[in-house]
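Trainee: Below, each chain spelled out in residue letters.
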Amino acid sequence: MIPTWAQIGYLVSAVCFIVALKALSSPRSARTGNLIGAAGAVLAVLITFAAYKPNHLAPILIALIIGTIGGVIGSRRVQMTQMPQLVALFNGVGGGAAALVALLELGEVTADATVAAIATAFTILVGAISFAGSVVTFAKLQELMTTRPVTFPGLPVLFVASLLGGLALGVWLVSDPRVWVGVLLCLVGLAIGVMLVLPVGGADVPIVISLLNAFTGLTVAAGGYVLGNTLLLVAGTLVGAAGSLLTKLMANAMGRSVFNILFGAVRGGSTLGAGTASDRPVISAGPEDVAILLGYANKVIIVPGYGLAVAQAQHTLRDLVEELHSRGVKVDYAIHPVAGRMPGHMNVLLAEAQVPYEQLREMDDINGDFKTTDVVLVVGANDVVNPAARNTPSAPIYGMPILNADEAQRVIFLKRSMRPGFAGIENELLYDPRTTLLFGDARDSLTKLLAALKTV
Amino acid sequence: MSESIALLTIFVLAAFVGVEVISKVSSTLHTPLMSGANAIHGVILVGAIIVTGATNSVIVMIVGLLAVVLATVNMVGGFVVTDRMLEMFKGPGARKKELHK
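Protein sequence lines, in the order shown, are assigned to chains A and B. Heads up, the first sequence is in UniProt numbering, so the first residue is 1 and it goes up one at a time. Heads up, the second sequence is in UniProt numbering, so the first residue is 1 and it goes up one at a time.
Next up, chain A with everything else stripped away, as it sits in the complex:
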C-alpha cells in the first residue's frame, strides 16, 4: 500500500493536469497551463520513485533519459506542418506503453478480482488498437502510403470477426489470466487498429487521431484501475472524456458523424475520389494579369491552405497583403476550421508566420461577405472551398461546411498542378468561367505577383 503523503501528492498532480486542460480554453493562459501540467507530470514521477522505491533503479533511469532525449529531439525538430503526424506518433507510443504495462501485470500479479481482470483485458486490447491505428495514421499523414480510403473485399467480415475474436479472447483472459492469451489478444488488437484506420480518407484522419487519443486515455484509466493507482485513473479518464468530446466537436465541424467517418468507405458507395486530374479546360493566367485583378479590386478575401504552409510562403503572402492594403484594397483572411491537416492547424501555421491574428476571420464570421467580394485568392487550399461539399452527396466531403468562395465575382487559385486536394476529389470551382488559375509553387507565384503588383 502506498503511503498517504504519496496519495496526496498524486492528487496535486491530477489537479495540475485539470488546470492544464482548463487553461487551453484561452490562448493567453494556455502556455502557462501547459507548464503546470508538465510540472504535475514531473511531480508524479518523483513521487513514484519515492513511494514505491522501485528495484532496477539504474536501468529505469537510463530508460527515462533515453525517452526524454527522444521526445525532446522529435518535438524540437519537427516542422509545424508535420505536427499532426507527430501527435499521432506520440499517441501511438503511449497506447503501446499502456498495453505493455497491462501485459506485464498479467504475468506478475495473480489478478483474481474479476473487475481488475476485465480492466487488464481492456487495456491490452484497446492499447494495441490505439498503437496500430496511430502508426497507420502516421503513415497516411506523412504520405508514406496513399491518403485515400483503402478497402478490400472481405474487410467488413474480417473486421467483425476480429472484433468478436478480441471479445472472446478478452473473456478467456478474464476467466483464466495467462500471458500467452494476453499476447494473442494484443495481436488481435493490432489487426483491429490497422483495419479501423485503413478505410479512413485523408481529410478525416485528424478526427481519427483525436479518437485514438481518447482510446489511449481510457486504456491509461483502466491501467490505473488495475494498479489501484488513482492518478492514472484520473488522468486517463480526463483525456478519455476530453478526447471523446473533441472528436465529436471536430466531426460536427466537418458536418459528419463519427460512425460515417470510420465506416463510410467500408459500407460502399462512391466515397472513393477521382484521385487523378481530368483534362477539362481551365483558364490560367500569368502573374501580371492576376496582379491587375487584385490591384484594382475593392475587396479581396484570401483563403490560405496547407499548400501555402508547405511552400513556406506565409511571409510573402503577408507582404502581398500589406501592398494591397497600401493601395486601399480591403483584405481579409478566411480561415476554415479544418484548414491544414487538423482543426486549428492553419491558425498555428499563420501564427508561426506572424500574421496578425486580428486579420484572421473564422468561417462563420466571413461566409456572408463572399457575395460582396470582388476577388477571392485561394492559396494552396482546395477541399475547404469545394462546392461538392454542398452539391454532391456522393463526395467524401459532402456535408462539410465550406467557405463560400464560389459566391465571389472572381476566384483566383494559386496551385502547383491540377492534382486534387487531400480529400482526393476534383473541385468543380476550378473549371468555372469566373475562375483563373496561376500555376506554380506558392512562394514563387506570390513573389512574382508582388513584383507585378508594384508595377500596375
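Note that these hints are calculated values from the structure, not bench results. Please note that a few of the clues may not be correct.
Label pairs and their calculated CB-CB ranges [unchecked claim]: (1) B:V19 to A:L11: 14 to 24 Å; (2) A:M145 to B:N56: 19 to 29 Å; (3) A:A113 to B:S23: 33 to 43 Å; (4) B:S26 to A:A39: 18 to 28 Å; (5) B:V19 to A:R361: 20 to 30 Å; (6) A:Q82 to B:S23: 24 to 34 Å; (7) B:L13 to A:K330: 47 to 57 Å; (8) B:L13 to A:M145: 33 to 43 Å; (9) A:Q409 to B:V12: 52 to 62 Å; (10) A:P356 to B:A6: 46 to 56 Å; (11) A:R361 to B:S2: 48 to 58 Å; (12) B:S23 to A:Q142: 26 to 36 Å; (13) A:R419 to B:N56: 52 to 62 Å; (14) A:V157 to B:S23: 16 to 26 Å.
Where a beta carbon is used, it is the ideal one built from N, C-alpha and C, also for glycine.
Here the structure of chain A is known, so what remains is to put chain B in place on it, guided by the hints.
Mentor: Using the frame of chain A, we list chain B on its own:
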C-alpha cells in the same frame, strides 16, 4: 469491494470534469488541446515504472523498460510540442517587442 466502488466514483467524476473543462475550447486551439491531452496520458509512465520496479523476471524487466521509454517519449514530447505550438499564440504586443529586439 468498497475500494473498487471508490475507484469507480473517481472514474465517473473525472469523466464529468474532462467533458466540462474542454467544452468551451475554440477551434483555434483544437490542435494544441489534442496534443496537450496526449501529453497527459503519457502519465502511464508511472505505471511502467511501478511494474518494472517490482519484478524479478528479466523478460518482464526488459519489456517494462521498453514501456518506460515509450511512455517517456509520449509525455516529454507531448508537453514540449504543445509548448512550441502555444508559443506562437503570443499577443500582438509581445510579438512587436520581439521584432524590435
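Trainee: Each hint should be assessed against the structure and marked as holding or not.
Mentor: Against the structure, the hints come out as follows:
1. The given range of 14 to 24 Å is respected by B:V19 and A:L11, whose C-beta atoms sit roughly 20 Å from each other.
2. At roughly 43 Å, the beta carbons of A:M145 and B:N56 sit outside the given window of 19 to 29 Å.
3. For A:A113 and B:S23, the Cβ-Cβ distance of about 35 Å falls inside the hinted range of 33 to 43 Å, so the restraint holds.
4. Range check, B:S26 to A:A39: Cβ separation about 25 Å, and the 18 to 28 Å hint holds.
5. Under the hint 20 to 30 Å, the C-beta atoms of B:V19 and A:R361, about 29 Å apart, fit the expected range.
6. Remark: the range hint 24 to 34 Å for A:Q82 to B:S23 is upheld by a beta-carbon distance near 29 Å.
7. A C-beta distance of roughly 51 Å is found between B:L13 and A:K330, which places it inside the suggested range of 47 to 57 Å.
8. Between B:L13 and A:M145 the CB atoms are about 41 Å apart, so this pair conforms to the stated range of 33 to 43 Å.
9. Roughly 56 Å separates the CB atoms of A:Q409 and B:V12, a value that falls within the hinted 52 to 62 Å.
10. For A:P356 and B:A6, the hinted distance range of 46 to 56 Å is satisfied, since their beta carbons lie about 51 Å from each other.
11. The hinted range of 48 to 58 Å is satisfied by A:R361 and B:S2, whose Cβ atoms lie roughly 55 Å apart.
12. A C-beta distance of roughly 32 Å is found between B:S23 and A:Q142, which places it inside the suggested range of 26 to 36 Å.
13. At about 58 Å, the beta-carbon gap between A:R419 and B:N56 stays in the expected band of 52 to 62 Å.
14. Between A:V157 and B:S23 the beta carbons are some 39 Å apart, a value that contradicts the proposed interval 16 to 26 Å.
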